[in-house]
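A.B. asks: Single-letter residue listing:
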Amino acid sequence: MISAKSLDLTFETNDGPVHALKGVDLDIGKGEFVSFIGPSGCGKTTFLRCIAALETPTGGELTVNGMTPENARQARAYGYVFQAAGLYPWRTIAGNIKLPLEIMGFSKAEQKKRVEQVLELVDLAGFGGKFPWQLSGGMQQRASIARALSFDADILLMDEPFGALDEIVRDHLNEELLKLWARTGKTIGFVTHSIPEAVYLSTKIVVMSPRPGRITDVIDSPLPKERPLDIRDTPEFLEIAHRVREGLRAGHAYD
Amino acid sequence: MMRTIFPVAVVVAVIVGLWYAACIPMNIHTAATQAERAGMVIDPEGAAERRDMGAIALALRNTGIWGDTWAQDKPRLPAPHQVVTELWETTVEKKVTSKRSLIFHGWVTLSATLLGFGIGTVAGILLAVGIVHSRAMDMSVMPWAIASQTIPILAIAPMIIVVLNSVGLQGLIPKAIISAYLSFFPVVVGMVKGFRSPSQMQIDQMRTWSASRSQTFWKLRLPASMPYLFASLKIGIAASLVGAIVGELPTGAVRGLGARLLTGSYYGQTIQIWSALFATAILAAVLVAAVAAMERATLKRMGVGR
Numbered sequence: 001m002i003s004a005k006s007l008d009l010t011f012e013t014n015d016g017p018v019h020a021l022k023g024v025d026l027d028i029g030k031g032e033f034v035s036f037i038g039p040s041g042c043g044k045t046t047f048l049r050c051i052a053a054l055e056t057p058t059g060g061e062l063t064v065n066g067m068t069p070e071n072a073r074q075a076r077a078y079g080y081v082f083q084a085a086g087l088y089p090w091r092t093i094a095g096n097i098k099l100p101l102e103i104m105g106f107s108k109a110e111q112k113k114r115v116e117q118v119l120e121l122v123d124l125a126g127f128g129g130k131f132p133w134q135l136s137g138g139m140q141q142r143a144s145i146a147r148a149l150s151f152d153a154d155i156l157l158m159d160e161p162f163g164a165l166d167e168i169v170r171d172h173l174n175e176e177l178l179k180l181w182a183r184t185g186k187t188i189g190f191v192t193h194s195i196p197e198a199v200y201l202s203t204k205i206v207v208m209s210p211r212p213g214r215i216t217d218v219i220d221s222p223l224p225k226e227r228p229l230d231i232r233d234t235p236e237f238l239e240i241a242h243r244v245r246e247g248l249r250a251g252h253a254y255d
Numbered sequence: 001m002m003r004t005i006f007p008v009a010v011v012v013a014v015i016v017g018l019w020y021a022a023c024i025p026m027n028i029h030t031a032a033t034q035a036e037r038a039g040m041v042i043d044p045e046g047a048a049e050r051r052d053m054g055a056i057a058l059a060l061r062n063t064g065i066w067g068d069t070w071a072q073d074k075p076r077l078p079a080p081h082q083v084v085t086e087l088w089e090t091t092v093e094k095k096v097t098s099k100r101s102l103i104f105h106g107w108v109t110l111s112a113t114l115l116g117f118g119i120g121t122v123a124g125i126l127l128a129v130g131i132v133h134s135r136a137m138d139m140s141v142m143p144w145a146i147a148s149q150t151i152p153i154l155a156i157a158p159m160i161i162v163v164l165n166s167v168g169l170q171g172l173i174p175k176a177i178i179s180a181y182l183s184f185f186p187v188v189v190g191m192v193k194g195f196r197s198p199s200q201m202q203i204d205q206m207r208t209w210s211a212s213r214s215q216t217f218w219k220l221r222l223p224a225s226m227p228y229l230f231a232s233l234k235i236g237i238a239a240s241l242v243g244a245i246v247g248e249l250p251t252g253a254v255r256g257l258g259a260r261l262l263t264g265s266y267y268g269q270t271i272q273i274w275s276a277l278f279a280t281a282i283l284a285a286v287l288v289a290a291v292a293a294m295e296r297a298t299l300k301r302m303g304v305g306r
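As given, the protein sequences belong to chains A and B, one line each in that order. Going by the working numbering, the first sequence opens with residue 1, and the numbers climb by one from there. Going by the working numbering, the second sequence opens with residue 1, and the numbers climb by one from there.
Only chain A is shown next, with the shape it has when bound in the complex (with noise of 0.2 angstroms):
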């Protein structure tokens, strides 16, 4: 599904070249729950956007569905979700879901359909008329999951989509994204800096250090695909928990 070979990225900047992204091998099957983790530098957001050809690798090889990240957006392979849910405050909650749909140029009849569908997958129907700010920050961000939904692209890019929000709304969304890509069987690749979050979610985790950004782990979870939040205390969760903070040490071990 996404396949990046020695994957190279530096930035040119006035203190010389920054080394974002270094010899990346990384291969992401249909369905997987990637989950990219790491301290900040690492280049775990600078991968996802060039997944998203939002930045141009300098070096090897990014196909993503079999094609070039640029052709694959024109394809609508993925939605992305940010950090910050980036709703427009002018525009209701199915105003916004809309907003990509339109672009896209699809009818009338499909934009009402679909926004009832992702709104339901995302647990606000109902809350279609609803501005942006008569809603809390983990519906806001729920809402934005929608807006990504909407087209129905295969690949789910999430940058820190719950890192602004409190750990118990975390905590539910987590459960929710969970159920939600049980549903839809999307792949979903999601950046995180919280350890219980990458292992509750995914089956993949992939654990980066910086300087420069280099993956140093690829751990398959051994957890099975039902989930609910008390696995969080087995000894399987805890075991792979552990690994990954090796994993980030062993990063660190460089400075």
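The set of hints was computed from the structure by calculation and includes no laboratory data. Just so it is clear, CB atoms sit at the ideal spot from N, CA and C, and this is done for glycine as well.
Partial list, computed: chain B residues near chain A (C-beta under 7 angstroms):
1. 201
2. 202
3. 204
4. 208
5. 209
6. 210
7. 211
8. 215
9. 223
10. 302
11. 303
12. 304
Please build the complex by placing chain B on the supplied structure of chain A, with the hints as guidance.
C.D. replies: Just chain B now, kept in the frame of chain A:
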């Protein structure tokens, strides 16, 4: 409501009080001369005696003629009630078609203001669109726009009138162009900022949907710029009014609030000048309030106003 009325009333009362007080020393010399001519005893006697005397000292020695300082024909500083009376007589009691009606003159100025404001706003928005979308325009237009505003309008207004007159344009259009010259600038500056107000994240988001530049403009930049637009329009409309009035001065114009100011100063009609000034201020307040009302209505329709 009462809580706001009281402090506002106090401020107005203080201003009016200070104004009446200021009239006394300002007009005391002429009042004393007139009173003496009418047979009253003034201390000291004789206009020559009083010429070099301080106005306040003279006022304190002749408290009996304070009332006269508020009822002069051509006072240095007219009293508030004189201005109000003049305003009343030249608006309500005069026919709108009369040359002495402030409504008539006000409309002449207002029509130039509105036309100039319209031209300035459209030009300002178009320039801002160009500046935001073209680096070349950003580099080339902005310095000129800024330079244009450093020239005193009083200096350039006669030039514009003369140049336009030589190509046969008179009356409304030259005034509107001077008015537009003043009002386009706040609109350019405000709208450039407004069009650039969407965050990098929102721009990136548009890219993830493969939105075209025009889609990004119409769906994101333009609605995001609305609060900036109205802030600019409020400054722009006030500047337009100033521009229209300044445009009426150099022609020795016979119509418009600017003309009333000019003829007032030719003939020492201070009451006429002050009433024209107040008419201008009231007009400006009404125009700004109209823009504010448009702002509220627009933001409410957009769902942003609460």
